[in-house]
Amino acid sequence: GAGVSQSPRYKVAKRGQDVALRCDPISGHVSLFWYQQALGQGPEFLTYFQNEAQLDKSGLPSDRFFAERPEGSVSTLKIQRTQQEDSAVYLCASSLDFSGDNYGYTFGSGTRLTVV
Amino acid sequence: AQTVTQSQPEMSVQEAETVTLSCTYDTSESDYYLFWYKQPPSRQMILVIRQEAYKQQNATENRFSVNFQKAAKSFSLKISDSQLGDAAMYFCAYSSPGTYKYIFGTGTRLKVLA
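Protein chains in written order, with the working numbering: chain A, 170 to 285; chain B, -8 to 105.
Simulated from the structure, these hints should not be mistaken for laboratory data.
Don't be surprised by glycine CBs; every beta carbon is placed ideally from N, CA and C.
Wrong hints could be hidden among the right ones.
Just some of the chain A residues that point at chain B, by a computed CB distance under 10 Å [claimed, not checked]:
1) 195
2) 212
3) 234
4) 279
Go ahead and model the full structure; you've got the sequences and the hints to work with.
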């Protein structure tokens, strides 16, 4: 596609509910990144994929967070047993190069998750 | 660990005037990349400008330019001839080669006054 597409745009979840957030990167972009942006803060790194391989998941806050990219294109970020502190905007980005250093990231518009 | 600091939570500029947004960072590395991203209310972050640390020359993209002071670890963004469409949150970001992640500052909200 022409850009990075994320869905849903908004998600309200009851505490304890599982959620799945989808990211459809730009076709041909090998790298995919997930970031979490709390209200009034800058984005914080969650995880990184190079094609289908998850090479870094050091930013995932707990074992309730899980991400996958099984065919090296679409990625899903899953949060199990959501808690109020999970409320944030979840941003997905893709890059033509492995690191994002040479061309920068192309970001999606994010999913705003509110846990009530 | 590397850190990125944006000390101006909010800035205002008159339309057609020039404004400078500040960013400082802390690192012990000599090779790295620095970025400025713009985030409008639509939430989609857009790359404004990119700087490679080993290049002395300051990056420029049309009305946007940076003042990169490596020794001072400073990377400010200058916006010339400000337009109403420049109003947004601006984030400074740092990347170290091989780490595959960016470290972002907390952002500066830019208001453009007509």
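Right, here's what the structure says about each hint:
no.	hint	in the structure
1	195	violated, 13 Å
2	212	holds, 5 Å
3	234	violated, 16 Å
4	279	holds, 5 Å
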